[in-house]
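In the order they appear, the protein sequences are chains A and B.
Take 565 as the starting number for the first sequence in our numbering and just add one per residue.
Take 565 as the starting number for the second sequence in our numbering and just add one per residue.
Treat the hints as calculated values from the structure; they're not laboratory data.
Warning: the hint list may mix true and false statements.
[As the list claims (entries may be wrong)] Computed list of lysine-lysine pairs in PhoX-like fashion (alpha-carbon distance at most 25 Å, straight line):
| hint | chain 1 | residue 1 | chain 2 | residue 2 |
| --- | --- | --- | --- | --- |
| 1 | A | Lys575 | B | Lys656 |
| 2 | A | Lys647 | B | Lys891 |
| 3 | B | Lys656 | A | Lys577 |
| 4 | B | Lys805 | B | Lys757 |
| 5 | B | Lys840 | B | Lys805 |
| 6 | A | Lys650 | B | Lys891 |
| 7 | A | Lys630 | A | Lys647 |
| 8 | A | Lys889 | B | Lys668 |
| 9 | B | Lys647 | A | Lys630 |
| 10 | A | Lys805 | A | Lys964 |
| 11 | B | Lys672 | B | Lys635 |
If you're wondering where the values come from, they're calculated on a predicted model, not measured in any experiment.
Number of protein chains: 2
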Amino acid sequence: MKEHLDVEMQKRKIRAIAVLGDTTLSDPNLTYVVGGNLARGGVYVKRMNEDPLLVTSNLDLSTARKWHRVKRIETYTEWGLEKLVKKYGHGKAFPHLLGTIFEKERVKGKVALFGRNDLAYGIRLANQLRRLGIEVVGEQSPTILETARETKNREEIQELRRVADTTSKVVESILKILRNMKRKRGHLQVAGKRATVGRIKALISSKLAAEGLVAPEGTIFATGPSSSEGHNMGVLSDEIKEGRLIVFDIFPQAETGYWSDITRSFVVGRADAKAKRLFETVYEAQTDSLDFLREGVTGEAAMARVCDIIERRGYRTVRDIYRGKAKTVNSGFNHSLGHGVGLTIGERPYLAFMRKDNLRSGQVVTVEPGVYLRKYGGVRIEDTVAITSKGVDNLVYLEKEFELT
Amino acid sequence: MKEHLDVEMQKRKIRAIAVLGDTTLSDPNLTYVVGGNLARGGVYVKRMNEDPLLVTSNLDLSTARKWHRVKRIETYTEWGLEKLVKKYGHGKAFPHLLGTIFEKERVKGKVALFGRNDLAYGIRLANQLRRLGIEVVGEQSPTILETARETKNREEIQELRRVADTTSKVVESILKILRNMKRKRGHLQVAGKRATVGRIKALISSKLAAEGLVAPEGTIFATGPSSSEGHNMGVLSDEIKEGRLIVFDIFPQAETGYWSDITRSFVVGRADAKAKRLFETVYEAQTDSLDFLREGVTGEAAMARVCDIIERRGYRTVRDIYRGKAKTVNSGFNHSLGHGVGLTIGERPYLAFMRKDNLRSGQVVTVEPGVYLRKYGGVRIEDTVAITSKGVDNLVYLEKEFELT
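Take these sequences, add in the hints, and give me the full structure.
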């Protein structure tokens with residue numbers, strides 16, 4: 565939580581942090597400290613145990629105020645950027661601006677820098693700041709900010725719940741459309757033609773847009789054999805047929821920068837026994853995991869329980885690799901149980917083998933076991949949940965129905 | 565053009581360039597050298613006058629091959645990443661991997677680094693590479709890659725034309741909807757209710773999504789007084805009325821990473837004389853500019869011509885500031901004429917005062933004069949065009965109709 569920034573700075577003997585960049589887009593650290601989206605970014609400077617300062621462009625000023633994350637907000641113009649451009653040129657004005665800010669704000673000692681920028685710029689900036697006498701630090705991961713971001717405060721959980729709700733609405737509307745589609749000799753029909761994955765994906769995109777969500781990394785809607793390949797996004801020309809397995813994994817981002825991650829697996833119509841067994845196994849594993857997870861347990865322990873259940877049902881798991889029994893696992897449960905979600909779609913903590921840290925209240929993770937049979941199909945069920953001292957607070961409110969009849 | 569990389573490296577005495585990052589999303593330099601989108605990014609290394617090498621994840625391998633930009637594509641696993649993780653841990657494995665690549669590829673002398681990464685990572689990486697004996701350079705802007713990206717080759721122009729076409733289709737469909745909307749006492753109606761900017765924006769989002777475009781920076785759809793404020797995205801609750809000025813500025817990005825930028829200004833129904841005069845002025849200025857621009861002219865000269873036309877019609881322009889006649893220009897033409905478009909929505913070259921470089925064939929720029937009357941409304945007309953030796957190749961094929969009747 566951002567409330568932890570000072571503690572982390574103290575622990576690491578970092579006197580100040582600066583987060584900067586020309587946009588908050590795709591920059592979780594800058595978005596985090598600023599509180600939301602600023603098209604032209606800004607410079608955030610915070611000394612240990614002091615209130616932060618945000619310097620931004622005139623154009624973003626009113627937006628920056630709206631986020632209420634930083635009280636002291638000033639503009640580049642107020643800090644004399646235009647004069648520095650005249651004096652030093654475009655390329656060197658910015659480091660001088662930073663130098664001025666650091667000096668006036670009495671920033672001394674080690675300063676850790678953050679924010680996504682091109683390496684050309686970052687390396688030059690570090691050199692220039694060092695020449696101005698600033699002790700620049702590039703922190704090792706997990707950095708102060710990654711550590712702070714790892715646990716979410718109430719406001720963040722609320723936003724993650726809102727994004728999960730909106731995402732659920734999109735999933736629900738797609739499931740309803742599929743359920744009600746005309747069928748002809750086992751094929752789903754749209755406007756007299758066979759429904760394809762491409763057609764459904766266009767629908768998903770429209771629904772996401774209408775809800776104010778974007779999916780920069782796409783959406784998985786995979787049917788039949790392609791649903792058994794974890795990273796297959798779905799083949800656009802594939803036809804949607806009754807009884808065929810579908811994995812629908814959706815991971816959109818809201819305008820605030822927060823993501824959500826939900827997977828439902830199902831068939832339209834009736835499933836065969838093989839598919840049903842896959843679903844029952846994964847459903848049992850996921851339910852058990854949701855019951856087991858809470859503050860204090862480890863990612864490794866949660867992973868082991870899921871492997872126990874899946875192996876008991878006769879499928880292989882990724883544990884075979886850790887036990888030296890196999891080099892790769894094709895069919896079975898061949899990925900990890902979950903990952904953190906927040907201002908990125910994949911961050912700490914990880915629910916996986918070798919992860920022995922205790923989970924903490926306020927962490928938000930996916931819980932997503934899956935079992936896949938190569939050349940046949942797969943099932944994965946995924947919710948995004950918040951860890952609490954009493955168990956999980958499931959942010960996803962959405963049925964797990966297998967047969968859409 | 566990428567064909568210029570070696571020349572630029574020679575000029576600047578840079579022996580090799582490396583572009584790296586964990587995703588191509590929002591990273592124009594990495595997208596450029598890789599040729600398209602790679603969800604998990606990669607490491608691109610190119611020595612002067614040698615073919616480049618791309619190292620990427622197993623998961624992105626088939627996608628990377630699809631882009632045809634790099635012939636030699638190998639995987640992190642082939643380069644021993646997993647072993648380096650075991651030996652050095654997650655945080656330090658990557659610089660060692662880079663060190664190995666540089667060594668095996670016989671990279672010596674100055675290496676310029678690129679690619680969007682967090683500053684914490686970039687600064688640490690530079691330190692670690694220097695410790696491995698590599699002469700790391702953070703280039704001043706315009707960097708080798710910015711210079712290469714500034715002129716587009718045939719393949720890029722083709723893609724920019726495709727994105728402009730698709731964007732035009734979206735604009736056209738929205739104009740058609742507006743033109744055909746029921747009107748009641750001067751208000752446009754949707755499903756029996758007054759149409760609002762919010763409603764139209766939702767439509768725009770849906771249409772963009774259906775065309776496979778995203779608009780990470782939003783879309784301007786501003787009506788009445790808010791259309792006179794250049795950076796007002798439009799007030800969602802504003803009602804769409806007959807005869808009221810509308811500025812519709814759309815700047816989406818395609819999956820390939822390329823952007824387009826188009827503005828149309830219009831009224832639904834009939835306009836008053838004041839609005840008509842604004843439109844005629846801007847239309848004349850834009851047409852003149854499209855005729856004037858070509859290889860060899862400067863941004864400054866183009867800007868001056870546009871100011872001449874607009875001032876002749878009795879409006880103020882930003883030139884007043886350069887002439888010391890005013891500190892700010894509120895009403896009138898108060899921004900610059902255009903900017904480059906490619907893998908970013910704002911890049912070199914700039915059509916503005918103080919820009920005295922000759923335009924070159926292959927540059928792609930917006931041409932977007934506008935005149936605004938505070939508290940009344942504004943008009944801006946914008947196309948995205950390619951510069952050639954004979955004039956401009958307008959990538960936008962879309963009418964400039966003022967009154968939608």
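Verification of the supplied hints:
1. A:Lys575 - B:Lys656: Holds: Lys575 (chain A) and Lys656 (chain B) sit about 21 Å apart, inside 25 Å.
2. A:Lys647 - B:Lys891: holds, 15 Å
3. B:Lys656 - A:Lys577: holds, 21 Å
4. B:Lys805 - B:Lys757: Satisfied, since the Cα-Cα distance of roughly 13 Å is no more than 25 Å.
5. B:Lys840 - B:Lys805: Distance ~16 Å between Lys840 (chain B) and Lys805 (chain B) Cα, so the pair holds.
6. A:Lys650 - B:Lys891: Status holds; Cα separation ~16 Å.
7. A:Lys630 - A:Lys647: Violated, at about 28 Å.
8. A:Lys889 - B:Lys668: violated, 33 Å
9. B:Lys647 - A:Lys630: At roughly 48 Å apart (the allowed maximum being 25 Å), Lys630 (chain A) and Lys647 (chain B) break the hint.
10. A:Lys805 - A:Lys964: Holds, at about 20 Å.
11. B:Lys672 - B:Lys635: holds, 22 Å
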